[in-house]
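There are 4 protein chains.
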Amino acid sequence: MADMRMIEAHPAALAGIDTDRLAECIAACFECTQICTGCADACLAEDTVAELTTRIRTDLDCADLCVTTGRVLTRRTGADARVTGAALDACATACEVCADECDRHARVHEHCRICAEVCRRCSHACRDLLGSLG
Amino acid sequence: MADMRMIEAHPAALAGIDTDRLAECIAACFECTQICTGCADACLAEDTVAELTTRIRTDLDCADLCVTTGRVLTRRTGADARVTGAALDACATACEVCADECDRHARVHEHCRICAEVCRRCSHACRDLLGSLG
Amino acid sequence: MADMRMIEAHPAALAGIDTDRLAECIAACFECTQICTGCADACLAEDTVAELTTRIRTDLDCADLCVTTGRVLTRRTGADARVTGAALDACATACEVCADECDRHARVHEHCRICAEVCRRCSHACRDLLGSLG
Amino acid sequence: MADMRMIEAHPAALAGIDTDRLAECIAACFECTQICTGCADACLAEDTVAELTTRIRTDLDCADLCVTTGRVLTRRTGADARVTGAALDACATACEVCADECDRHARVHEHCRICAEVCRRCSHACRDLLGSLG
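Residue numbers (the numbering used here), protein chains in the order written: chain L, 1 to 134; chain Y, 1001 to 1134; chain G, 2001 to 2134; chain C, 3001 to 3134.
Don't read these hints as lab results, they were simulated from the structure.
Think of the CB as a built atom: it goes at the ideal place given N, C-alpha and C, for glycine as much as any other residue.
Any given hint could be a false lead.
Stated by the list, open to error - Stretches of chain L that chain C covers, calculated by requiring three or more beta carbons in the stretch to come under 8 Å of a beta carbon on chain C:
id, region
1, 27-38
2, 75-88
3, 95-104
The whole structure should be built from the sequences, with the hints applied where relevant.
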C-alpha cells in the first residue's frame, strides 16, 4: 500500500501514533471520498432523483470531509492533537449520517449499498484512531 | 455580497438558522482558505523556512478545513445539524491553532499578522454560528 | 482586499506577472467556487430537480476546478508556467460550460442567473491572466 | 476495486468511454493526491527543507489538481468532453512537472522516489484516457 510506504519514508518521529491504524484510516478516508463522489453522481442519474436530494447532499458533505481529513492525517509534521481529533470527529460524523441515509436506499440502489459499506468502514477507522489518540 | 444573494435565491426554507450569521461565516471560511494558502506559500519563500514548518503545516490544515466547512455551510438542502456542528467545531479549532501559531511570527512576517487576524475572525464566526444553532 | 495584502506581503519576487490581474483572478476563482457550490445546492432543492441534473454536475466540476485554480494561483513560490497555464485553461473551460448551462435556466431561477454572471467573470479573469502570461 | 464496482452500479450509459481506462485513471488520481500530500509533508520535515521549497509547492499543486480531476472523472452524469479534457491535461501536466522535480531528489529521499513513480503512473493514465477520448 503506497501510503504505508510513504509513512515509513517520513523523516519525522511518529511517536504517540499507531502507524497501522493511521495508514488504515488514511486509506479509508480517500476511498470514501471517491465512493461518496460516485454515489452522489449515480443518485443524480436516477429517474427518482427528486427523492434522493438529501442522499446527494449527505454524499457531498461526506466526500469533502473525508478528503480533508485524509490530508490532515497524512501530514505528520507539527501535528496538533486538537485539530486531528476535531477533524476525525467531523469525518466520522459525516460518514455515520451518510451511511444511515445510504441504508434507506441500499435495497433499491447498489451504489447506495456500496457507499453505506464504505462509509461505515471509514467511520469505524476514524473512531478507532480517535480512541487510540487518547 | 454574492453569497447573501445566493442564500436569498435558495428555494429551501431556511428555518432555524440566522442567515446573516450564516452568510458571514461562509464568507469568513472562504477568505480564510485563501489567506492560509497564501501564508503557507509566503512562509515557504522565507529564508527562515526551516523555523516555519509547523506554521506551514498548520496553514495547510486550516485552508483545507475552511473550504470544506464553507462548502458544507453553503449547502442548505437536507442539512444535518450533527455534521454542520462537527464541521464548525473542526474549522474553529484549526483556525484557533493556526492563529496562535501565526501570532508567534506576526511581528516578523506581515503575512502571518494578516493570517492571524483572518483566522481569528473565522474562528469567531464559526463559534458564533455554532452557538446560535443551539 | 485581503488577498492583495497577502500578495504584497509575499517575500518572493513576482516578476513576470501582473499582480492586479493575478489578485482579480484569485478573487474570482474563490467567489466562483462558493457560488457554484450554492447553485448546485439550490438546484437540488428545486421541484424540477430532475431537469437540472446536468446543471448540478456542471456546477460541481466548476466549484472543484475554481478552488484548485485559486490555490494554484495563490502559490507564488516556484511557480511553473505550464501548470499555471493548464489550470487556468481548465478553470476557464469549466466556467464557460457552466455559464452556458446556467443561461438556459437564468430566466426561471435567480440562482442560475447569478451563477452565470459569476462564472463569466471568472472565465474572463482566467483567460485575461492566461493571455498576459504570454 | 471499489471504484470499478461504483462505475458498474452507475445508472447512466457510459457510451464513448473505456471504463477500464477510466477506473484506472480515477484510482491513479486519488492515489497521487495522497502521495503528493505525504511527500510535501515529508519534505517539510527534512533538515534540508530550504532546498526543497519548489519540490513542496509542486507537490501541493499536484495534490490539488489530482483530487479535482479524480472527482471530475468520477462524475458520469452530463459529462462535458471539453471540461474532462482540460482537467486531464492540467492533471497530467502537474504530474509531469512534479515527477521531474521528484527525480532530482529521488536518490536522497525515498519519499521523492515513491512520489515520482506515482506521479508518472498518474500522468500516463491521464494522457492515455485523454487519447482514448479522441
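Three residues minimum, CB to CB under 8 Å: does the region 75-88 of chain L make the cut for coverage by chain C? Let me know.
-> With 3 residues closer than 8 Å to chain C, the region 75-88 of chain L meets the three-residue bar; holds.
For the region 27-38 of chain L, do three or more residues have a beta carbon lying closer than 8 Å to a beta carbon of chain C?
-> Held - the region 27-38 of chain L has 7 residues with a Cβ nearer than 8 Å to chain C, which meets the minimum of three.
Do three or more residues of the region 95-104 of chain L come closer than 8 Å to chain C, measuring C-beta to C-beta?
-> It is violated, with 0 qualifying residues against the three required.
The earlier numbered hint that this structure contradicts is number 3, and it is the only one.
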